[in-house]
Amino acid sequence: MSITQILFWLLSVIAIFSALMVVSSKNPVYSVLWLILTFFSISGHYILLNAQFLAIVNIIVYAGAIMVLFLFVIMLMNLNKETEPQKHKWLRMAGAIAGGALLLVLVAALKNVDIKNQEALVNEGNVGLIKNLGRELFTTYVVPFEISSILFLSAMVGTIVIGKKE
Amino acid sequence: MELLTIKIWFVLEKVLLIAGIIGLSLFIAMYTTYAERKVAGWMQDRHGPNRAGPFGILQPLADGGKLFFKEEIIPLASNKFLFVLGPALAMITALVTSSVIPWAAPFVTKEGTVIPMQVADVDMGILLVFSIVSVGVYGIMIGGWSSNNKFSLIAAIRGASQMVSYELPMGLALLAVLFMTGSLKMSEIVSTQIQHGWHIIYQPLGFIIFFICALAECNRTPFDLPEAENELNFGYHQEYSSMKLGFYLFAEYINMFISSAIMVTLFLGGYDIPFVNEASWGLPAFWMTFISFSVFMAKIFFFLFVFIWIRWTIPRFRYDQLMNLGWKKLIPLALLNMIITAAVMLLLKK
Chain A
1 MSITQILFWL
11 LSVIAIFSAL
21 MVVSSKNPVY
31 SVLWLILTFF
41 SISGHYILLN
51 AQFLAIVNII
61 VYAGAIMVLF
71 LFVIMLMNLN
81 KETEPQKHKW
91 LRMAGAIAGG
101 ALLLVLVAAL
111 KNVDIKNQEA
121 LVNEGNVGLI
131 KNLGRELFTT
141 YVVPFEISSI
151 LFLSAMVGTI
161 VIGKKE
Chain B
1 MELLTIKIWF
11 VLEKVLLIAG
21 IIGLSLFIAM
31 YTTYAERKVA
41 GWMQDRHGPN
51 RAGPFGILQP
61 LADGGKLFFK
71 EEIIPLASNK
81 FLFVLGPALA
91 MITALVTSSV
101 IPWAAPFVTK
111 EGTVIPMQVA
121 DVDMGILLVF
131 SIVSVGVYGI
141 MIGGWSSNNK
151 FSLIAAIRGA
161 SQMVSYELPM
171 GLALLAVLFM
181 TGSLKMSEIV
191 STQIQHGWHI
201 IYQPLGFIIF
211 FICALAECNR
221 TPFDLPEAEN
231 ELNFGYHQEY
241 SSMKLGFYLF
251 AEYINMFISS
261 AIMVTLFLGG
271 YDIPFVNEAS
281 WGLPAFWMTF
291 ISFSVFMAKI
301 FFFLFVFIWI
311 RWTIPRFRYD
321 QLMNLGWKKL
331 IPLALLNMII
341 TAAVMLLLKK
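Sequence lines, in order, name chains A and B.
Residue 166 is where the first sequence ends in our numbering, and the numbering goes up by one at each step.
Residue 350 is where the second sequence ends in our numbering, and the numbering goes up by one at each step.
These are calculated hints, taken from the structure and not from any lab test.
Cβ coordinates follow ideal geometry from the N, Cα and C atoms, glycine included.
Mixed in with the good hints there might be a few duds.
Over 12 Å on every C-beta distance to chain B, these chain A residues come out as not near it, computed from the model [to be verified]:
| # | residue |
| --- | --- |
| 1 | Met75 |
| 2 | Ala109 |
| 3 | Leu110 |
| 4 | Leu153 |
Think about it this way: if two alpha-carbon atoms lie no more than 27 Å apart in a straight line, the pair counts; the simulated BS3-like pairs of lysine-lysine are [what the hints assert, rightly or not]:
| # | chain 1 | residue 1 | chain 2 | residue 2 |
| --- | --- | --- | --- | --- |
| 5 | B | Lys7 | B | Lys110 |
| 6 | B | Lys185 | B | Lys349 |
| 7 | A | Lys131 | B | Lys349 |
| 8 | B | Lys110 | A | Lys165 |
| 9 | B | Lys80 | A | Lys26 |
| 10 | B | Lys185 | B | Lys14 |
| 11 | B | Lys328 | A | Lys164 |
| 12 | A | Lys131 | B | Lys185 |
Stretch-level coverage of chain B by chain A, calculated; a stretch enters the list once three of its residues show a Cβ under 8 Å from a Cβ in chain A [claimed, not checked]:
| # | segment |
| --- | --- |
| 13 | 36-48 |
| 14 | 124-132 |
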């Protein structure tokens, strides 16, 4: 095994384990902390694919900013193990069924995809470098890029409108 | 195994460099606490520490010893694992940031091998620093929350929201610099400044914004709201004692040191000696590296002095003033600075 493969398996194990812990932790603060670890391991995967910019931005935006807001809400609401409401049994069943249905849809959508011949470029390829990525975003993909930025802007305006309402 | 193909000298060189930088950061942080008390004494017309050793030079060791031997208290109602994780995270994030800073001119051996005085010259350079800084919030938040104390929690939330808010103008001020260098690599940011002059000449506004944000990011006066004693007793580390408290206090000084180093690298030419072309002197490689390192450290010491100077002259902001300054004044100013820089650069190129 080369070092990239060792790293890949290590990161995958961390990512999946911490993602499972996000769901199964009783304490919501622990869930958020596990989610941060998940983001870090996913960033590691991005670096293995030589998508450095994506890796760093993933940490800055998701692990550094969005998760802080999650923590704010959870800490201020003082959600603990004790205060977590007990859910009904049928609610859990409904959750399991809904999740299973989503899995089914994903599997159905991806079952004809040719995965075996589409190996990820590990440690090579330079689209992920910031110069190439920026050029691509502002030439080839400029319309979807601008549309998504307008979407963000409208979300921001919407938040302020809702927040200003008494 | 490809693991074994890594050159042993390369590993040794990097390990030595990392050990050196961490040792240096700790040492400088130690003596910044001493400098802080001496400068405070000087500004308030008194002596400052002068009992331990000549001029009180051993005072930091005495402080450290005292912190080590204090009783370690973990509150019963606290979350024990997170209570220990908090200060550890604060310390780790403070130390990791130094990995991308070029500390001196690269050392060239007689055989012609170039040894950069930088742990990792990654493409993402300065963005890596920002990502670590943004993760540094968790040290404060986890510590404050796990203490199970309302004052700690409020202080932690204040600290975190302050750091998240001031990261934005900081990033925008940085963008204007990046327009001029065209690269995120720290080594290239320094080399463009050596060629074309320091960024502080072209970006005075950007520098001031960056400096104010650095003060806020380090939780220094006038923005030390997380430690506002009159409102919050002691701040987010209220329940901490012994070396865990020491870690929090120490991390603040390391952050000061590292942010000074980053400001020097971004705006004051890094290890460049002003007004002279040192490459034409033909000095031996060792002396080149040594002199450039000394110049770099001198610039850092200047910034550390300014940090201390500000602490003992300017009173603390109110919380709403802090938020108003960050969101309503610094961000528009930084945006304006960015647009003007972009426009001027576009005009000059045409």
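Checked hints:
no., hint, in the structure
1, Met75, "5 Å, violated"
2, Ala109, "33 Å, holds"
3, Leu110, "31 Å, holds"
4, Leu153, "14 Å, holds"
5, Lys7(B) with Lys110(B), "19 Å, holds"
6, Lys185(B) with Lys349(B), "23 Å, holds"
7, Lys131(A) with Lys349(B), "19 Å, holds"
8, Lys110(B) with Lys165(A), "71 Å, violated"
9, Lys80(B) with Lys26(A), "16 Å, holds"
10, Lys185(B) with Lys14(B), "18 Å, holds"
11, Lys328(B) with Lys164(A), "17 Å, holds"
12, Lys131(A) with Lys185(B), "12 Å, holds"
13, 36-48, "violated (count 0)"
14, 124-132, "holds (count 5)"
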